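Peer 1: Protein chains in written order, with my numbering: chain A, 1 to 97; chain B, 1001 to 1276; chain C, 2001 to 2290.
I should point out that these hints are in silico values taken from the structure, not numbers from a laboratory.
None of these values were measured; they are calculated from a predicted model.
Any given hint could be a false lead.
[Stated by the list, open to error] No more than 20 Å apart at the CA atoms, straight line, and that leaves these computed lysine to aspartate or glutamate pairs for EDC-like: (1) 1171/B with 1213/B; (2) 1171/B with 2193/C; (3) 1079/B with 2260/C.
[Claimed, not checked] The following label-pair restraints were derived from C-beta to C-beta distances: (4) 2208/C with 1037/B: 41 to 51 Å; (5) 1256/B with 96/A: 37 to 47 Å; (6) 2071/C with 81/A: 41 to 51 Å; (7) 2272/C with 81/A: 56 to 66 Å; (8) 94/A with 1129/B: 44 to 54 Å; (9) 2151/C with 1237/B: 22 to 32 Å; (10) 2276/C with 1242/B: 17 to 27 Å.
Just so it is clear, CB atoms sit at the ideal spot from N, CA and C, and this is done for glycine as well.
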Amino acid sequence: MEKIELDYPARHAVPRRVHVGVVGSGDLEVLLEPSPDQRAHVLVNTSVDGFGVVWKSVLDRFFERFGGAASIEINDFGATPGTVMLRLEQAAEAVRA
Amino acid sequence: MSTQTEVSARGITWLRALTAQDGVIQGAPATVRVAEAALGDEPASFIAVVPDPHNRFPRARNGEVGLEEGWTLARQVRKIIAAGKDGVRRPIIALVDVSSQAYGRREELLGVHLACAAAADAYASARLAGHPVIALLVGKAMSGAFLAHGYQANRLLALDSPEVMVHAMGKQAAARVTRRSVADLEKLGERIAPMAYDIRAYAKLGLLHQLIEGVDADAPGAADVQRVREALLAAIADTRAGPSDLSSRLSSPAAHATRAASIEVRRRLAEQWDVA
Amino acid sequence: MSAVAAVRNHRQFLGRTSFIEMGARERARSILDEGSFRELLGPFDRLKSPWLPLQGIVAQADDGVVLARGTLDGKPALVAAIESIYQGGSMGEVSGAKIAGALELALRDCEQGKPVLPVLLLETGGVRLQEANLGLAVIAEIHAAIVALRRHVPVIGVISGMVGCFGGMSLAAALCSRLILTRQARLGMNGPEVIEQEAGIAELDASDRALVWSLIGGEQRHAVGLVDDLLEDDAVAIAASVRAAFAQGLPRQERSAQVELYLERLAAIDPQQPLDGPALRAIWHGAAQS
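Only chain A is shown next, with the shape it has when bound in the complex:
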């Protein structure tokens, strides 16, 4: 098990909190809520060690487009980068909805 923490600059506030996903094999849950400051903060708890670089690249890509000042907790049970991105996009969509 590994913890990864990342911070990003944000362009706009996040209006509400959303939860998507489940901590099941090959999947993950995302808890997204307004952050206390003007930045985005991500905490990843993952069952698979040693993939820090991959996590950073997926999250970099996500935040280029998302730009919300969100605190995000990810609880991961071995999801692929594709699934991670899918869940993040679902969360972002739910925030905008």
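Starting from the structure of chain A, add chains B and C where the hints point.
Peer 2: Positioned in the frame of chain A, the structure of chains B and C alone reads:
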């Protein structure tokens, strides 16, 4: 495959020690024993599930709680409730030495889950009706068998003996299911209290009312029996002074330390229960 | 078109919404009156398992149990739904305490003359082995709460599949006033793999799926009177069945209290003779239920 279950005589040993009887019930399986005997200055009922190599159902010959054991426990406990309906609610002492629920094809087909539930229901109903229900752990208190016979008691007492243990699954089976070795499992139990098997680790969870130390669990002498009687009487008095639910299992200092999450869940749930 | 999509289209054609394909939160929502769902101790309360991370296992923020208050035909209700995808729906300290604690509060309200209708959506293998003794302890507390609560209001259990309901939680199911199963549900104390492991492959070959279903599948359980209603995987039908179960009021006698009936039934069984699902249906079919 682990069919070699060591057969324990602890249940019958303590039934005899506390009641001077074998508790055989006419017309019921020999695996369920009930005896009435004085405890302090009142009669109490003592109930044990014991091995029987000739039990009709082969999967319940080594002290397991099977179909007939579950339903017979239910019948016997309900008889005690009916007898106490208009008078004194006598104490019920469950002597616990149960190796497991009965594992079998026939058992599943015939609803061993319901049989065990029926026993748990009866004990819980006795508790709610005002009978002090005390479980005395003298041997194994394993998994579904303990849920059926003992875990609904107002108070849990245990003898401090290496063979007294509580767990959700036998060691070998738990190792296979969690893909660990038995040695790893034992090491984990030293670090993580709920994973341990021995009764001293269990005592740290705050569920036990009393761990009775210094008693010969296999061959109790008069002083041992006296000590256990006193512990039972104290537990009965404590039960009668409190509510009929299981809240005492969350009130000890050990529970506050180890079952902090159980307490926190209830506290925050109560806050959110009604709309603010 | 993928197989899953084909099944979905077929269901839509039949006008059904799958209950099994929903997560626990959606299941709870679909049971309650529309718009009445209010979650208690949701993921943002972050009451996680304190024990899983100590063993290198990532914990889910709600520990796999969704609690919701809401209404059923306008009456106050409580739904506790177990998320079977997370840790097999297993009962740990927190997930179990959520169910026990909610039932205890429902009991308190009932005792104060404010009935709460309790529904349990049971998809679970039983005790979470990583929290072993605390899982077992809290299952006993769930049993205690059901028995106490059931004196005031019926407690309704639903097992929809695909996990089914096993271990100590099968006793919780058996303590429910009424049980609703789908054809995809299984209800048993010991999972088939555990029986094979403990008693040998001659006792039960867990890979023989047809055999396993003939013993503990929803249809068999319904045919012998161990459950009350058998449904297709249809969210609307399940929600309706839950309401119908409450409308019937308290059973004349709870199934787990039908001691003489079941002792008589067992007395008529000869354990030396072979017995299978169809044979048992012939003996127990139509026997008196409350």
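Peer 1: Each hint: holds or not?
Peer 2: Evaluation of the provided hints:
1. Between the alpha carbons of residue 1171/B and residue 1213/B the distance comes to roughly 25 Å, so the proposed pair goes past 20 Å and is violated.
2. With a C-alpha separation of about 16 Å, the suggested pair residue 1171/B and residue 2193/C falls inside the 20 Å cut-off, and the hint holds.
3. Between residue 1079/B and residue 2260/C the alpha-carbon distance is near 12 Å, which keeps this suggested pair within the 20 Å criterion.
4. Between residue 2208/C and residue 1037/B the beta carbons are some 49 Å apart, a value that agrees with the proposed interval 41 to 51 Å.
5. Checked against the given bound of 37 to 47 Å, the beta carbons of residue 1256/B and residue 96/A, roughly 44 Å apart, stay inside it.
6. Range check, residue 2071/C to residue 81/A: about 42 Å between beta-carbon atoms, so the 41 to 51 Å window is met.
7. Between residue 2272/C and residue 81/A the CB atoms are about 59 Å apart, so this pair conforms to the stated range of 56 to 66 Å.
8. Evaluation of the 44 to 54 Å hint for residue 94/A and residue 1129/B yields a pass: the beta carbon distance comes to about 50 Å.
9. The hinted window of 22 to 32 Å between residue 2151/C and residue 1237/B holds, with their beta carbons roughly 26 Å apart.
10. The supplied range of 17 to 27 Å is broken by residue 2276/C and residue 1242/B, whose beta-carbon atoms lie about 49 Å from each other.
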